[in-house]
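Let's have the full structure, built from the sequences with the hints guiding it.
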Amino acid sequence: MKNNKNLVLDVSNLEVEYRTQEGVVHAVNGVDIKLPRKSTLGLVGETGAGKTTLALSIMRLVPSPPGVITGGSILLDGQDIFSLKDKQMEKIRGKDVAMIFQDPMTSLNPILTVGEQISEVIRLHENVSQKQAEARVKEMLELVGIDGERMNEYPHQFSGGMQQRVMIAIGLVCNPKLLIADEPTTALDVTIQAQVLDLMRGLKDEFDMSMIMITHSLGIVAEVCDYVSVMYGGRIVEYGSVRDVFKNTKHPYTEGLFNSIPIINAAKRLEPIPGLMPDPIELPTGCVFWPRCSYAIEECKKDVPQPKYFNDTHYASCIRYEEPDFKLKGR
Amino acid sequence: MAEELLRIENLKKYFKTKRGLLHAVDNISFSIEKGKTLGLVGESGCGKSTTGLLILRLIEPTDGKIIFNGNDINKFNNKEMREARRDIQIIFQDPFSSINPRKSVIELIQEPLRWFKVYKDKTEENKYIYGLMDKVGLARNLVNRYPHELDGGRRQRIGVARALALKPELIVCDEPVSALDVSIQAQILNLLEDLQGEMDLTYLFITHDLAVVNHFSDDIAVMYLGKIVEKAPATELFKNPLHPYTEALLSAIPIPDVDINKERILIKGEISSPIEPPNECRFANRCNYVQDICRQQEPELREVSPGHFLSYAVK
Numbered sequence: 011m012k013n014n015k016n017l018v019l020d021v022s023n024l025e026v027e028y029r030t031q032e033g034v035v036h037a038v039n040g041v042d043i044k045l046p047r048k049s050t051l052g053l054v055g056e057t058g059a060g061k062t063t064l065a066l067s068i069m070r071l072v073p074s075p076p077g078v079i080t081g082g083s084i085l086l087d088g089q090d091i092f093s094l095k096d097k098q099m100e101k102i103r104g105k106d107v108a109m110i111f112q113d114p115m116t117s118l119n120p121i122l123t124v125g126e127q128i129s130e131v132i133r134l135h136e137n138v139s140q141k142q143a144e145a146r147v148k149e150m151l152e153l154v155g156i157d158g159e160r161m162n163e164y165p166h167q168f169s170g171g172m173q174q175r176v177m178i179a180i181g182l183v184c185n186p187k188l189l190i191a192d193e194p195t196t197a198l199d200v201t202i203q204a205q206v207l208d209l210m211r212g213l214k215d216e217f218d219m220s221m222i223m224i225t226h227s228l229g230i231v232a233e234v235c236d237y238v239s240v241m242y243g244g245r246i247v248e249y250g251s252v253r254d255v256f257k258n259t260k261h262p263y264t265e266g267l268f269n270s271i272p273i274i275n276a277a278k279r280l281e282p283i284p285g286l287m288p289d290p291i292e293l294p295t296g297c298v299f300w301p302r303c304s305y306a307i308e309e310c311k312k313d314v315p316q317p318k319y320f321n322d323t324h325y326a327s328c329i330r331y332e333e334p335d336f337k338l339k340g341r
Numbered sequence: 036m037a038e039e040l041l042r043i044e045n046l047k048k049y050f051k052t053k054r055g056l057l058h059a060v061d062n063i064s065f066s067i068e069k070g071k072t073l074g075l076v077g078e079s080g081c082g083k084s085t086t087g088l089l090i091l092r093l094i095e096p097t098d099g100k101i102i103f104n105g106n107d108i109n110k111f112n113n114k115e116m117r118e119a120r121r122d123i124q125i126i127f128q129d130p131f132s133s134i135n136p137r138k139s140v141i142e143l144i145q146e147p148l149r150w151f152k153v154y155k156d157k158t159e160e161n162k163y164i165y166g167l168m169d170k171v172g173l174a175r176n177l178v179n180r181y182p183h184e185l186d187g188g189r190r191q192r193i194g195v196a197r198a199l200a201l202k203p204e205l206i207v208c209d210e211p212v213s214a215l216d217v218s219i220q221a222q223i224l225n226l227l228e229d230l231q232g233e234m235d236l237t238y239l240f241i242t243h244d245l246a247v248v249n250h251f252s253d254d255i256a257v258m259y260l261g262k263i264v265e266k267a268p269a270t271e272l273f274k275n276p277l278h279p280y281t282e283a284l285l286s287a288i289p290i291p292d293v294d295i296n297k298e299r300i301l302i303k304g305e306i307s308s309p310i311e312p313p314n315e316c317r318f319a320n321r322c323n324y325v326q327d328i329c330r331q332q333e334p335e336l337r338e339v340s341p342g343h344f345l346s347y348a349v350k
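From first to last, the protein sequence lines stand for chains A and B.
Heads up: the first sequence begins at 11 in this note's numbering, then just goes up one per residue.
Heads up: the second sequence begins at 36 in this note's numbering, then just goes up one per residue.
Quick caveat, the hints were computed from the structure, so don't treat them as lab data.
Glycine included, every Cβ here is placed at the ideal spot set by N, Cα and C.
Among the clues, some could well be false.
[Claimed, not checked] Short derived list, chain B residues pointing at chain A, Cβ under 10 Å:
{"id": "1", "residue": "Leu91"}
{"id": "2", "residue": "Arg189"}
{"id": "3", "residue": "Leu245"}
{"id": "4", "residue": "Thr270"}
[Claimed, not checked] Straight-line Cα separation of at most 27 Å, DSS-like style, residue types lysine-lysine; simulated pairs:
{"id": "5", "chain 1": "B", "residue 1": "Lys297", "chain 2": "A", "residue 2": "Lys257"}
{"id": "6", "chain 1": "B", "residue 1": "Lys155", "chain 2": "B", "residue 2": "Lys100"}
{"id": "7", "chain 1": "B", "residue 1": "Lys47", "chain 2": "B", "residue 2": "Lys274"}
{"id": "8", "chain 1": "B", "residue 1": "Lys69", "chain 2": "A", "residue 2": "Lys278"}
{"id": "9", "chain 1": "A", "residue 1": "Lys278", "chain 2": "B", "residue 2": "Lys274"}
{"id": "10", "chain 1": "A", "residue 1": "Lys318", "chain 2": "A", "residue 2": "Lys337"}
{"id": "11", "chain 1": "B", "residue 1": "Lys71", "chain 2": "A", "residue 2": "Lys278"}
{"id": "12", "chain 1": "B", "residue 1": "Lys47", "chain 2": "A", "residue 2": "Lys148"}
{"id": "13", "chain 1": "B", "residue 1": "Lys303", "chain 2": "A", "residue 2": "Lys214"}
{"id": "14", "chain 1": "B", "residue 1": "Lys110", "chain 2": "A", "residue 2": "Lys48"}
{"id": "15", "chain 1": "A", "residue 1": "Lys257", "chain 2": "B", "residue 2": "Lys274"}
{"id": "16", "chain 1": "A", "residue 1": "Lys148", "chain 2": "A", "residue 2": "Lys15"}
{"id": "17", "chain 1": "B", "residue 1": "Lys47", "chain 2": "A", "residue 2": "Lys278"}
{"id": "18", "chain 1": "B", "residue 1": "Lys297", "chain 2": "A", "residue 2": "Lys214"}
{"id": "19", "chain 1": "B", "residue 1": "Lys51", "chain 2": "A", "residue 2": "Lys278"}
Structure (structure tokens):
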């Protein structure tokens, strides 16, 4: 890959599995992510696609056991995080890379004030006095649109949208290079979602950071992201700039996702993807999507398809593109 | 003229709390014609689910009429209400918590049939259940499975089968696809659409998802803090939203299209308390266009053009 200096995150061929009593769950199966500085990557896919496991791997928070990283590497700002000792990783986590979770009610500590939870991060990573930390806490709260005077209140005294703002403040307080947001607005109402997305977009520019936005909403991807990776069965099946992937959709699964969502003011009947997500314990051979794919042919069952590039960045992993005049039906 | 199946008149539900009366549903009226779908949209706490529960009389209203097929069901005694529930069914949001985990698929679908003693003959009952499973897209070999063995989409299909078992006229669908992945969501929405045509069903479709409601509904009513602020045919509402809240709600939907660069109307703050609300427009504190007149008294819902109802003091 050219010019790795420009990448804040470089994930190569990552493989993660969970060894459970029922069998081995193949959660992430050879994923590559090259994230340029100051850009936002959308990670889209349905339940069980491996999005969250991928994010937890970058934080080195995959629960182990049962989780095992069986292959690949992750370079965070050029540093191989798998070679770090736990103590070293603790220094990076929260400082260079931070994560916000879907449900702020369960990720905030209910018995600590929000101020304590924000200053905890500062004092863990920076050598500052209590007073300085307190001033920073106030500043952060104001930045995310909460009155700084509320720092001594507890999470339950805040609404869901406000709690998510607190999470964002915790994530950003040490000015991370990379922020991973795992479905940050899924639990929120639409008007509150709009406020939070607006806030995140503004802060991303202000803090000069890169962001991975995990979401199942293609609408959020279109509004917030520069690039998008579509995940299915632990693999990235299509990647490219948001414009390329949305305007020139190449993978049958991506097309299926688009056809599944109701479009405002279009009385078109939905065309759902038939069938269900594959069982990650027994993934289909070859292309993971073939059992649900209307374009599948015999060859699809044989080998894992390699990325086929349509320009410098845009690729889809589908062997049908070896046929020169293969095209999707379109939307 | 189409036949009116359900008519809600001045329906109210107040809950007593320590801090005063909570106005969950506050004087709403609407009607649904047979075979049509009314979408009831709004955000958390607007009273949409309470409205659904009131229509089934799973909770008792504080005041108002619920007229179903010409009869006010609030006047029904327990026995009459029980009979009426054959015709009014509900599908809940979360198929994980709304069906009994200790019953198998066949037992779950049997439940409503046995409750009303529909079949005396077991073979006939089984035949009907299998037919129902075919109809909602549940494979027959799942008949002895338990809910925890099934994914969310299949569980919701059980919910649909249970609601359909007694051949109801009206189904209250309370966020039926919100807990599901998009590809599964589309499967269930298509199923509900097909069943409506086949069985001449009438839906009250409660959701926070405007894209879904736009796709699915004939008319849409927008609720805010216990009130209907605007109601219109679906296409009209999306083309010509008149209430500031509707406008903000529509503009907040993320559109999956890179070429649409819309001006987003952000509304400030959060929903205010439904406890003892002051006599003013309930949206006034968050409204970008608030004027003195909005604070003087609560606006009434009135028809501003044929079929388009609005509760807005300024227009």
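Status of the hints after comparison with the structure:
no. : hint                 : verdict
1   : Leu91                : violated, 25 Å
2   : Arg189               : holds, 8 Å
3   : Leu245               : holds, 7 Å
4   : Thr270               : holds, 7 Å
5   : B:Lys297 to A:Lys257 : holds, 18 Å
6   : B:Lys155 to B:Lys100 : violated, 36 Å
7   : B:Lys47 to B:Lys274  : violated, 30 Å
8   : B:Lys69 to A:Lys278  : holds, 23 Å
9   : A:Lys278 to B:Lys274 : holds, 17 Å
10  : A:Lys318 to A:Lys337 : holds, 13 Å
11  : B:Lys71 to A:Lys278  : holds, 18 Å
12  : B:Lys47 to A:Lys148  : violated, 43 Å
13  : B:Lys303 to A:Lys214 : holds, 21 Å
14  : B:Lys110 to A:Lys48  : violated, 64 Å
15  : A:Lys257 to B:Lys274 : holds, 25 Å
16  : A:Lys148 to A:Lys15  : violated, 35 Å
17  : B:Lys47 to A:Lys278  : violated, 37 Å
18  : B:Lys297 to A:Lys214 : holds, 20 Å
19  : B:Lys51 to A:Lys278  : violated, 45 Å
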